[in-house]
Each structure stands twice: as C-alpha cells, then as structure tokens.
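Chemist: Sequence:
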Amino acid sequence: MARPTTQDDLFDLLGGFCNQSLSEAESARLDEQLLADAAARETYLRYLCLESELHMQHSTPVAATEAAGFLASDELAADVLASDGHAAPDLVADHTASAQHFRPVVSRNWLAIAAALVGVAVGSSLLTYRFASQEAPLAEASPNETLRDASVARITSTLNCRWEPASAHLGFGAELSPGENLMLADGLAEITFHDGARVILEGPAELRIQAADDALLHVGRLAARVPEQARAFSLRTNRLHIVDLGTEFGLITTDEGGAEVHVFQGVVHAQVIDDEGQQVRTVALESDEAVRVRPASTTMAKFAASADQFVRSISPSNGPHDGLYAYEGFDYPAGPLAWQNGGFGWAGAWDEIEADNTAGAATNLVAEMSLTHGDMGTVGNRAVQTAQKNRVRRALSTSIGGVFDAAGLVENQDAQRLIGQNGKTVYVSFLQRIDATNDVFYGLELHRADGNPNRVLCVGNGADGCGYGVTSNYNDYGLTNYPPLGEETTDVNLIVLKIEFGNDNQDAVTVYRNPTSLVDEEASRPIAKLTGNFAFDRISLGNFDGKKIHEVDEIRVATNFLAATGRRDNLGDKVLPRVAAGNAKADTLLAAIANCKMGIAN
Numbered sequence: 001m002a003r004p005t006t007q008d009d010l011f012d013l014l015g016g017f018c019n020q021s022l023s024e025a026e027s028a029r030l031d032e033q034l035l036a037d038a039a040a041r042e043t044y045l046r047y048l049c050l051e052s053e054l055h056m057q058h059s060t061p062v063a064a065t066e067a068a069g070f071l072a073s074d075e076l077a078a079d080v081l082a083s084d085g086h087a088a089p090d091l092v093a094d095h096t097a098s099a100q101h102f103r104p105v106v107s108r109n110w111l112a113i114a115a116a117l118v119g120v121a122v123g124s125s126l127l128t129y130r131f132a133s134q135e136a137p138l139a140e141a142s143p144n145e146t147l148r149d150a151s152v153a154r155i156t157s158t159l160n161c162r163w164e165p166a167s168a169h170l171g172f173g174a175e176l177s178p179g180e181n182l183m184l185a186d187g188l189a190e191i192t193f194h195d196g197a198r199v200i201l202e203g204p205a206e207l208r209i210q211a212a213d214d215a216l217l218h219v220g221r222l223a224a225r226v227p228e229q230a231r232a233f234s235l236r237t238n239r240l241h242i243v244d245l246g247t248e249f250g251l252i253t254t255d256e257g258g259a260e261v262h263v264f265q266g267v268v269h270a271q272v273i274d275d276e277g278q279q280v281r282t283v284a285l286e287s288d289e290a291v292r293v294r295p296a297s298t299t300m301a302k303f304a305a306s307a308d309q310f311v312r313s314i315s316p317s318n319g320p321h322d323g324l325y326a327y328e329g330f331d332y333p334a335g336p337l338a339w340q341n342g343g344f345g346w347a348g349a350w351d352e353i354e355a356d357n358t359a360g361a362a363t364n365l366v367a368e369m370s371l372t373h374g375d376m377g378t379v380g381n382r383a384v385q386t387a388q389k390n391r392v393r394r395a396l397s398t399s400i401g402g403v404f405d406a407a408g409l410v411e412n413q414d415a416q417r418l419i420g421q422n423g424k425t426v427y428v429s430f431l432q433r434i435d436a437t438n439d440v441f442y443g444l445e446l447h448r449a450d451g452n453p454n455r456v457l458c459v460g461n462g463a464d465g466c467g468y469g470v471t472s473n474y475n476d477y478g479l480t481n482y483p484p485l486g487e488e489t490t491d492v493n494l495i496v497l498k499i500e501f502g503n504d505n506q507d508a509v510t511v512y513r514n515p516t517s518l519v520d521e522e523a524s525r526p527i528a529k530l531t532g533n534f535a536f537d538r539i540s541l542g543n544f545d546g547k548k549i550h551e552v553d554e555i556r557v558a559t560n561f562l563a564a565t566g567r568r569d570n571l572g573d574k575v576l577p578r579v580a581a582g583n584a585k586a587d588t589l590l591a592a593i594a595n596c597k598m599g600i601a602n
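Counting with my numbering, you get residues 1 to 602 for the letters of the sequence shown.
Calculated from the structure, these hints are not laboratory results.
Beta carbons are placed, not taken as given, at the ideal position from N, Cα and C, and that holds for glycine.
Fair warning: there could be bad hints in the mix.
Said to hold, decoys possible - Ranges of calculated distance between the beta carbons of each label pair, as one might list FRET restraints:
hint: 1; residue 1: 286; residue 2: 401; range: 53 to 63 Å
hint: 2; residue 1: 546; residue 2: 162; range: 26 to 36 Å
hint: 3; residue 1: 389; residue 2: 490; range: 14 to 24 Å
hint: 4; residue 1: 303; residue 2: 487; range: 32 to 42 Å
hint: 5; residue 1: 348; residue 2: 322; range: 21 to 31 Å
hint: 6; residue 1: 484; residue 2: 374; range: 21 to 31 Å
hint: 7; residue 1: 416; residue 2: 164; range: 26 to 36 Å
hint: 8; residue 1: 150; residue 2: 484; range: 29 to 39 Å
Claimed, not checked - Pairs of lysine-lysine, DSSO-like flavour, derived with a Cα cap of 30 Å:
hint: 9; residue 1: 529; residue 2: 424
hint: 10; residue 1: 529; residue 2: 498
hint: 11; residue 1: 498; residue 2: 424
hint: 12; residue 1: 302; residue 2: 529
All chains should be modelled from the sequences, with the hints used to inform the complete structure.
Modeler: Right under this line is the structure:
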C-alpha cells in the first residue's frame, strides 16, 4: 500500500517535476497522488500555471516567441479539463510521458519547459480561475496593455509620512500609475491596487509600481494583503519574485541585495533571481514559513515567519485610540468562533448562544481572509455563520472603570450598565455579506442583555416581513420606524450606524450603507434614519432559517466617523519629530535608516 502524500510532499514532488529532478519512484508517487486526489490535481494545475508565468516573465522576447511556437504544437492542454471541471484522467496518464518529453528539451534550453507549462496553464485557466475568483477571468487585459497614464493604485492611508524630494508630490489620495516611484523616508503609507491588493510600506523604503498587479521593492520593507480577486498579484525585489495565491505576507530587501519573505497566511511562490535576472530556483511557502536570500548569492534559507517584524495595519489594534473604543478583526485561527477573545474593548470572549448542532461540529466559525470593501483596511480573518440556527454574541466593557465608562459613555437603565449616556454620540461599523438574498432572517444585532425582546437594533433581513433593513424588537412600535436599506445584494457592504443618545431615552440612529467617503461624513448620504431607545451593552451575530451563509468582519465601536471607518491621519501627512542633534547614538541610528540598513539576520 502506497504511503499517503502530505501537502509538503506534494510541493516537493511538484518542485522536482518542474526542476527535472524526480526519480522514477518519485514520479510514480506523483502519478498516484494525482489519480487519487482531486485537490492534488488542482494544486498541480495551479503550480504549473504559476511556474509558466514566472518563467515567461523572465525570458527574453526572442525566447518568449520561440516558446509560443513550441506551445502551438503542444497537445498537453487538450487533456486538462474533464466535462465536470476537474482535471482529466488523461492529463495524469500523460504526466510521466510529458516529463520524459520535457527532459531532453530542457537540457538544451531551459525555456522549453516554460513553453510546455504555458500549455498546461492555458488549458487549465478556466479551472484555475474558477477557484480563484468569478470576477477575475484569465482573459482580462495583460499588464503590458495597461496605459502608462492610467491609474492602477492609490495611496489610501498615511501615518507620519515624510517623502523624499522626488516623491514630494505624493500623499493621501494620490493616484498611482505604472512607472511611479514611491520614495518614503519615514512613516507608513498604505497603497491599495484597484484589484484589491493592499501594501503597507514602511519608511525608509522605495517601491516602484510596475503594473496593475505588479510592484518592485527596491529597498525597505512592506506587508501585503491580497484578497481572492487579486490572486497572482506579484511583488519583486532584485533577488526574489513573489507570486501570491491569495494570502498575506511580508517582504524585506536591503540595498546590499538580501531579501526575505514571511508568509502570515496562505501560500506564495518565491522565485530566486540571479544577477542576470533569470530564475534559478523556486520554493513554495505556506502559513508561518519564511525564506531568506543572502546578498550576492542565490542560496536560500527557510525558517519560521515572524509577523512582529511588520506593520500589517496602519490603524493599530492593540488598544483604544483616536476615538476607537472597541475593535474586532477576527484575527483568530480558522475554526470555531466561540471562546475566541481578541481585539479590545470587550468584557469577555465570544459566547455561542445558539448553534445548529445538526449541521456540523461548529457553525459559528472563523474563516481565512478578511472581507474587503473599497479602500477600507482589513486585518485577520472573518466570522462566518454557515447554518440556520445560529447566534453568537460578545459583551462590551461597560463595567465601572471599563473603557466605555472611562470615556463617559455608560449610563444605568433598568439596573443595567449600557452604552447610551445622554448627549453622547457613538458609531458602530462593520462589514457584512450573505451569499443568497431574500432568504429570511440574519443580522448584526445590538442587544441589552440576551434574548429577542432585548434586541435594540438589527441590520440585515429582519423578521416579520421587514425585508432588508434596520429593525428593533425592543422598540416595538410598528414597521414605519424600521426603514429599508435598499436592494439586498451578495456584495460586501460597509454599514456605519451613528447613534445620538438624547434625553429621556429619545435616541436617533442614522444609517450609512457603503458611504461615499471614509474620511468625510458630510460627503456621505444617509440611507435610513430611525428613533427610539438604542442603549446597548453587547453585539450579536444571528442567522436563522433559509440556506444562506452570513459573514461579518471589522466590527468597530467609536465616537467619531474616522475611527469607525478605520481611517487615520488622512487629512495631511504629519512629519515625524526629528531626533535632537548631537546625540551620537541617535546620529548613528539616523544614518543607518538613511542608508536603509535593515539588518536582515544571518
């Protein structure tokens, strides 16, 4: 009986196949795995697709033309897809023969394998991109067709930025085109590409925008977050070419030529580039893995990733700040949501009030990758309710001496300590998505104690025929005060609730759905308003009846609009205070920063 092949084994076998170093026994193991496992076949196709793309991007124009001619006569692509959308058995059957076909050609010209792999990649494009994103078909225009003067990215957030003179025109909101160089002396700048890929650049650093899905880090460090729709986004240094498979990672390079990539979540392919710009080696990295390329060398060292070396969000999540008093980004391992206890501003962990035990072991879950919406920054994973008898909630810190009490936001109502002090204004924001519309009850809920009668506000598809909108069980005085929120869709929606607490519990709620601006509340038009008593002390997620999946992310409770949308320092760059002159240690540190001596450990 053949021993089972692990994911690491599969990547080793695929690497050996592409490098033409498989033994007969290893080739047989790869064949067995591909025949037995649909997931392995999918990984095989994706791996070869990326290999071909990376080879071709580092080839000369003449070589690329020759490769295209080789591709035209290659018949491998015809066997890639079966009628059910999975890899055809013929592909696996031809695997060994194909490998034999590659070997004599590769001995004469390394680019021949790239051409053959392109054949596989082209034939498998439908399968690969069906899993990647319905919104990102392979047939879209190539980066080379992007106009030089067309914007492909934008600076969406800044913190204490000081730009070098050559980049002095840059700042918050600047549109970026291919060929744009970002030279950041100090501070942090968030760059969001139009396909959703997001990069946080730490000064001192220099980043060149190559294309709509490609950037080159000359020197410095950055953290990148690539959502599903931006898969195959690539980042380069002089020594590494990183192609993303929908993940989050950090990248460092020095002016001496050393480079590191740290994978926080997902899978990336790291290709080592030699002095002539040619790929010499590839390594696949999964979550919590890192690789280092030493200066003036193409050798690689693999080690454990260190997320602490990188700034992954300009808006810090380690405590209250700038009017943000509670935050939940669901930065937990994939698995059950119940008893997870991160973020800040809460009185305890998530508590599973109801769960559909007939639907599986856990139906209030944490799933990998954040929800994404426009320019809004996201960190961590997301909450997902997969069954239809689910409610999970978390209490806010309203106790004496707690964060909301210290901010003067807590009042006593009916022997309960609730957020709702007269004359105060509180914003609650979150991202929300469902996969089926008009499918009965779901929502993010504000509660004052548990139970349906204590639900003071619910955003979603309400009960009792309310449809998609805002409802309240506690304020039970008719549908006229439960306004709709427009057309219900399966898109990610950013909801911002503005609650103005009045005298005698006469409160007013203003609802923004996908506000026009994340920095200017007045530029955004409310979609609904309602009145009642909306003091609360906990937030719940509910999903009942029907068949839909309910997802929520980036929950914030704040006292101003900017904090609720996660924006920070966007009304103008602030220059960092300079270190006093004459301090030898400070002068040494500044000189090191100026020369970008990032200190990659040996």
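Chemist: Could you tell me which of the hints above the structure violates, numbers in ascending order?
Modeler: When the structure is compared with the hints, numbers 1, 2, 4, 7 and 12 turn out to be violated.
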